[in-house]
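Listed here are the chains, written in short residue letters.
4 protein chains.
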Amino acid sequence: MTVTPEQLAEIAAARSQSSTTRRPTVPGLEEILYEAIPILDHGFIRVVDYMGDDSAIVQAARVSYGKGTKKVSEDKGLIDYLMRHRHTTPFEMCEIKYHVKLPIFVARQWIRHRTANVNEYSARYSVMDREFYIPAMDQLAAQSDQNHQGRGKLLEGAEAAYVLDILKKDAEHNFSSYEDMLNQDAAGNQKDPTRQGLARELARMNLTLNTYTQWYWKIDLHNLLHFLSLRAEGHAQYEIRVYADAMLETVKRWAPLAYDAFTRYRMGGVHLSSGGLAVVKALLAGAKPEREQHGLSAREWRELMEKLGLEG
Amino acid sequence: MTVTPEQLAEIAAARSQSSTTRRPTVPGLEEILYEAIPILDHGFIRVVDYMGDDSAIVQAARVSYGKGTKKVSEDKGLIDYLMRHRHTTPFEMCEIKYHVKLPIFVARQWIRHRTANVNEYSARYSVMDREFYIPAMDQLAAQSDQNHQGRGKLLEGAEAAYVLDILKKDAEHNFSSYEDMLNQDAAGNQKDPTRQGLARELARMNLTLNTYTQWYWKIDLHNLLHFLSLRAEGHAQYEIRVYADAMLETVKRWAPLAYDAFTRYRMGGVHLSSGGLAVVKALLAGAKPEREQHGLSAREWRELMEKLGLEG
Amino acid sequence: MTVTPEQLAEIAAARSQSSTTRRPTVPGLEEILYEAIPILDHGFIRVVDYMGDDSAIVQAARVSYGKGTKKVSEDKGLIDYLMRHRHTTPFEMCEIKYHVKLPIFVARQWIRHRTANVNEYSARYSVMDREFYIPAMDQLAAQSDQNHQGRGKLLEGAEAAYVLDILKKDAEHNFSSYEDMLNQDAAGNQKDPTRQGLARELARMNLTLNTYTQWYWKIDLHNLLHFLSLRAEGHAQYEIRVYADAMLETVKRWAPLAYDAFTRYRMGGVHLSSGGLAVVKALLAGAKPEREQHGLSAREWRELMEKLGLEG
Amino acid sequence: MTVTPEQLAEIAAARSQSSTTRRPTVPGLEEILYEAIPILDHGFIRVVDYMGDDSAIVQAARVSYGKGTKKVSEDKGLIDYLMRHRHTTPFEMCEIKYHVKLPIFVARQWIRHRTANVNEYSARYSVMDREFYIPAMDQLAAQSDQNHQGRGKLLEGAEAAYVLDILKKDAEHNFSSYEDMLNQDAAGNQKDPTRQGLARELARMNLTLNTYTQWYWKIDLHNLLHFLSLRAEGHAQYEIRVYADAMLETVKRWAPLAYDAFTRYRMGGVHLSSGGLAVVKALLAGAKPEREQHGLSAREWRELMEKLGLEG
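Protein chains in written order, with my numbering: chain A, 28 to 339; chain B, 28 to 339; chain C, 28 to 339; chain D, 28 to 339.
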């Protein structure tokens with residue numbers, strides 16, 4: 028289960044409270060504040076706090092007092108300009124905090140981004156929950172035969188069933204071993220009065236990497252967008268991409284102008300190398316550029332043609 | 028003048044607005060939100076946004092849902108414990124943003140703390156204001172003859188007057204030269220139609236280091252407390268310490284439990300080296316420890332006796 | 028096996044090469060460069076590069092040209108002074124790079140230090156090795172009944188054997204499942220020609236947290252000492268402390284003056300709170316201070332008495 | 028004078044020393060190690076230490092032991108791939124340290140990059156040198172009338188002379204006032220025995236922003252390239268660009284493959300937004316795309332046409 032009845036009650040209680048503030052407030056984000064957005068089979072993200080909005084970006088860029096007197100259309104133009112020219116510091120003036128529940132192997136990818144603040148559930152202090160990520164059938168893919176780090180075709184019936192069975196059994200089995208070593212049952216009671224139970228900080232090593240953990244994760248908007256540009260992207264592993272996709276939707280609610288600029292100038296854009304640019308110029312001039320002549324590798328040429336929507 | 032009439036009006040407008048929010052809100056900090064707290068002769072700090080409070084520290088430490096059910100007394104004990112044992116990450120879950128007006132030589136010290144987000148007024152884009160820091164008479168100190176980087180006795184009458192006169196005249200003169208080179212008067216009008224005016228990014232180099240600049244500065248509570256432990260401390264230069272002192276007051280309003288723990292465990296505490304600890308133990312055992320025997324330098328011994336309130 | 032014959036050959040080859048350099052060079056560290064120092068059952072650390080030495084700290088503190096003309100005794104005094112007064116930036120001028128092999132659950136603690144540069148072995152690209160951390164008998168401890176995150180007494184005969192058996196069997200079993208899902212044997216050959224094999228980025232989720240991984244980890248001396256002050260300390264989990272202890276020995280070879288200052292002012296020292304300091308002063312004045320009178324909690328009082336070597 | 032005779036002697040002494048090392052060593056960079064490369068009228072950069080080379084990037088990417096057995100052509104392909112796909116962490120495995128002498132207003136721009144380690148000459152401890160940046164005639168530009176933060180045409184004869192005269196006189200005058208307030212002459216002797224002299228930490232505020240300062244600045248290759256992509260670029264202010272240009276030359280000596288990849292994929296490349304890409308695709312398809320139809324602002328359209336070498 029993703030969220031327990033107790034947790035639902037706590038979320039409802041938090042959502043029912045309200046205060047008066049002089050701070051910039053974003054109604055569209057307040058609407059979903061604290062709510063758990065389900066991800067994968069047991070995971071979620073929740074926005075639990077935020078600071079600033081589109082106008083905070085503009086304010087920092089203008090280093091002005093208060094909100095300034097410019098029209099919204101000018102705010103939009105300024106934010107587009109900042110995003111286009113990679114003037115990134117004004118985007119650092121907005122901050123957001125998520126509560127995230129995620130499998131450990133996803134957490135290990137995620138934590139490589141070092142510009143956030145993190146507090147994770149501690150398996151030294153506390154006993155983990157019996158919850159594992161088991162991929163849905165439409166995610167059970169074979170190794171790609173083209174890409175060293177990607178997925179290929181879906182596994183078919185018997186092999187898929189075989190794999191699913193292993194994943195489920197092994198995770199369950201290892202969790203039971205974990206409880207045995209702790210000498211503690213699911214309710215937290217001692218199992219065998221003649222045994223001491225292994226220390227939690229040791230017993231945890233028996234858990235599998237698909238066990239769910241959770242953390243508070245706080246980051247500024249610039250670094251969040253950088254994270255999302257890498258993790259909401261087609262080459263990111265599916266299991267982290269679904270988190271990034273859901274976070275991107277929260278950015279859309281939070282700072283719609285920044286979101287829009289990000290979509291057009293970063294996610295939807297492409298980078299051309301000096302060689303790639305030369306090829307495009309040659310094409311525009313009606314020439315038939317050769318790959319070797321412009322110093323592109325076969326792989327680069329293929330990537331360029333894909334970007335341009337041309338046949339290689 | 029520290030704050031112009033236009034700015035006062037903008038601050039009043041910002042303060043008059045209010046929204047409803049589900050976020051944690053701190054009435055004591057809301058009270059002074061946006062208000063300019065005067066520092067030095069023309070400077071100020073203003074809290075312009077914040078996120079989180081004492082309960083956000085506790086929440087992160089417990090990685091729990093919602094506010095938890097513990098009593099305030101337990102929150103206090105937990106925050107004390109975290110501060111005492113330097114478990115710093117939960118303090119990173121709170122964030123604050125200041126608008127600061129400060130002399131450039133102070134800004135140069137300040138910016139050495141790299142863990143904040145900053146947007147400074149740009150003298151490439153805009154013309155600076157004619158405002159300089161001129162020390163008050165009770166800050167016009169001679170070089171310390173004991174400390175390479177400190178102040179000694181106050182300058183006396185004639186010398187003080189002489190120094191003040193230089194500081195005022197040179198700053199004013201150089202600012203007038205700046206306007207001359209820009210070919211622009213205080214109202215922004217061209218001075219001499221036959222001249223082009225030097226580029227702003229060049230003309231600024233003629234300004235003195237006591238010219239005021241301003242910035243938005245955003246930081247998390249842990250890093251802010253680290254900054255304050257260095258800059259609200261007796262060895263910090265007076266001109267930055269007054270900013271740190273004022274910020275410390277805002278922390279007291281914002282997160283009173285963290286402020287209290289910080290005061291007792293960091294600011295009011297002392298660190299003893301292994302040698303210093305051995306001396307203290309010897310003293311407690313009624314012995315008369317010798318400096319050399321414990322490997323302390325003369326300076327270390329003096330510092331230790333000062334900490335302990337003993338005569339060297 | 029910790030290091031394979033091929034790796035030993037590569038290490039020997041790297042060690043046999045030498046170049047002439049104008050850079051500061053530390054013979055004591057060169058001696059062990061590239062060598063694998065064994066940690067735990069299959070882990071190791073290796074120093075694979077470094078930059079700077081004690082003199083680089085001094086040089087930065089003096090912002091001087093070249094090595095300066097001061098005597099070694101003055102260098103020592105300056106480094107002691109910098110360490111004592113937490114002037115940390117000069118220590119950032121030295122940099123070191125380690126190659127580390129470590130269990131995943133240790134890597135998860137380690138990575139929380141965000142100030143280093145890291146490249147980890149990727150289980151998306153490559154198949155993991157069949158190597159797991161299995162604690163030695165003298166580390167198989169029960170949960171502490173005093174400390175939520177610590178170890179208590181050692182497990183006794185039957186329970187120890189039971190736990191060891193689980194850890195070994197589960198890790199081996201899950202690794203075999205991993206190979207089955209990949210449809211690949213230890214030599215990298217396909218096991219069953221009728222199956223495709225699950226993508227590596229998915230199959231890895233079945234591995235246990237005691238599986239070994241490895242990374243390159245690069246950090247400056249200041250941040251390394253901060254890491255070591257937390258991880259070479261008594262409260263750190265044994266499995267990361269042994270790595271920190273070994274790294275501390277490399278620091279001793281690399282920058283002996285900084286190491287010595289660190290040992291005396293950081294590791295061997297204690298911090299007193301304002302209340303603790305007041306108690307010490309009272310004791311030195313021959314009074315009998317009461318805990319409540321100085322506002323110390325029972326736990327704080329106990330910690331203080333321990334620091335002072337007094338009975339509570 | 029950029030470098031004093033004493034400094035030249037120290038540099039010569041440092042260059043005359045050599046050690047034997049097992050570390051990766053780059054002869055092309057060793058050649059210029061410690062040498063002062065003159066910048067502007069009194070500034071310089073000097074490479075004073077480094078760690079790693081192209082092979083360290085490859086090694087980290089492969090997380091392999093020792094140098095590996097791959098051919099140089101494959102190293103080049105891998106580094107190109109890493110740069111093209113923004114796999115940035117392997118570039119963080121190389122580190123370089125510069126000694127830089129630069130005007131304060133340039134130092135203020137430079138320090139906004141927070142990912143480096145810095146130790147700057149302290150005007151609290153020491154008296155500054157009488158050295159100022161005075162632009163050469165071919166840099167004395169008027170404010171741009173198109174760009175809020177750029178330069179336009181060169182100033183002509185009389186105005187140029189007028190401006191130069193101000194810059195020289197004001198800097199010299201303020202420095203003399205600085206010495207007067209310190210009550211100290213250029214040789215460090217007291218000027219007037221009846222006066223105490225103002226504290227250095229105060230007197231410095233009278234200096235102009237073109238006064239030279241100096242620092243040690245250490246950074247990893249990834250962050251250095253990011254810095255250079257912003258500061259060796261056409262929109263950067265000339266006075267910082269000349270430093271960046273000189274540093275780029277040192278990168279070429281240090282890590283030629285990374286330099287080459289950087290030149291082709293970052294500096295020489297262009298970024299197209301989603302709208303810009305749509306325009307390019309339309310052009311390649313022989314269509315005549317309209318600006319509005321693709322949602323580009325007038326400014327964006329102009330920037331796009333410039334990138335493509337087309338007339339707007």
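Just so you know, the hints here were simulated from the structure itself, not pulled from any lab data. All C-beta atoms, glycine included, are put in the ideal place defined by N, C-alpha and C. Certain hints may be false.
Here are the simulated DSS-like pairs of lysine-lysine, each with C-alpha atoms no more than 30 Å apart in a straight line [to be verified]: (1) D:Lys315 x A:Lys315; (2) D:Lys308 x A:Lys315; (3) C:Lys334 x B:Lys334; (4) B:Lys308 x C:Lys103; (5) D:Lys180 x B:Lys218; (6) D:Lys195 x B:Lys218; (7) A:Lys315 x D:Lys334; (8) D:Lys334 x A:Lys334; (9) D:Lys279 x A:Lys308; (10) B:Lys103 x C:Lys308; (11) C:Lys334 x B:Lys103; (12) A:Lys308 x D:Lys315; (13) A:Lys334 x D:Lys218; (14) C:Lys315 x A:Lys218; (15) B:Lys103 x C:Lys315; (16) D:Lys308 x A:Lys308; (17) A:Lys103 x D:Lys279; (18) A:Lys218 x C:Lys195; (19) D:Lys103 x A:Lys334; (20) C:Lys103 x A:Lys195.
Across the chosen pairs, the derived CB separations fall in these ranges [to be verified]: (21) B:Met294 x C:Leu337: 23 to 29 Å; (22) A:Ala314 x D:Ala185: 49 to 55 Å; (23) C:Arg157 x A:Thr31: 36 to 42 Å; (24) D:Asn174 x B:Ser324: 39 to 45 Å; (25) A:Gly179 x D:Thr115: 25 to 31 Å; (26) B:Gly295 x D:Arg157: 30 to 36 Å; (27) C:His175 x A:Ala213: 38 to 44 Å; (28) B:Lys308 x A:Thr31: 48 to 54 Å; (29) A:Ala214 x B:Lys308: 26 to 32 Å; (30) A:Gly179 x D:Tyr108: 53 to 59 Å.
Heads up, incomplete: computed chain D residues facing chain C, CB under 7 Å, no partners named [claimed, not checked]: (31) Thr48; (32) Arg49; (33) Val53; (34) Glu57; (35) Asp76; (36) Thr115; (37) Pro117; (38) Met120; (39) Glu122; (40) Asn146.
Notebook entry, point to check: Within 26 to 32 Å or not, the Cβ separation of Ala214 of chain A and Lys308 of chain B?
Noted result: This hint is violated: roughly 48 Å between Cβ atoms.
Check: Do Asn174 of chain D and Ser324 of chain B keep their Cβ atoms within the hinted range of 39 to 45 Å?
Finding: violated, 57 Å
Checklist line | Satisfaction of the hinted span 36 to 42 Å by the C-beta atoms belonging to Arg157 of chain C and Thr31 of chain A | finding: Since the Cβ atoms of Arg157 of chain C and Thr31 of chain A sit about 37 Å apart, the hinted range of 36 to 42 Å holds.
Checklist line | Hinted pair Lys103 of chain B and Lys315 of chain C, Cα distance within 30 Å | finding: Between Lys103 of chain B and Lys315 of chain C the Cα gap is close to 27 Å, so the pair holds against 30 Å.
Note to self: Between the beta carbons of Gly295 of chain B and Arg157 of chain D, is the distance compatible with 30 to 36 Å?
What the structure shows: violated, 44 Å
Item checked: Cβ distance range 49 to 55 Å for Ala314 of chain A and Ala185 of chain D, holds or violated -> Since Ala314 of chain A and Ala185 of chain D have Cβ atoms about 51 Å apart, the given range 49 to 55 Å holds.
Check: Any CB of chain C closer than 7 Å to the CB of Glu57 of chain D?
Finding: holds, 6 Å
Notebook entry, point to check: Is it true that the CA of Lys334 of chain D sits at most 30 Å from the CA of Lys334 of chain A?
Noted result: holds, 17 Å
Check: Taken at face value, is the distance from the CA of Lys315 of chain A to the CA of Lys308 of chain D at most 30 Å?
Finding: Between Lys308 of chain D and Lys315 of chain A the Cα gap is close to 16 Å, so the pair holds against 30 Å.
Notebook entry, point to check: Does the nearest C-beta of chain C fall within a distance shorter than 7 Å of the C-beta of Thr48 of chain D?
Noted result: Interface hint status for Thr48 of chain D: holds (5 Å vs cutoff 7 Å).
Next item on the list: Take a quick look at whether Lys315 of chain A and Lys334 of chain D sit within 30 Å of each other, Cα to Cα.
Entry: With a Cα-Cα distance of about 20 Å, the restraint between Lys315 of chain A and Lys334 of chain D holds, given a limit of 30 Å.
Next item on the list: Using 7 Å as the Cβ threshold, decide whether Arg49 of chain D counts as touching chain C.
Entry: holds, 5 Å
Against the hints set out earlier in the document, violations occur for numbers 13, 14, 17, 20, 24, 26, 27, 29, 30, 33 and 36.
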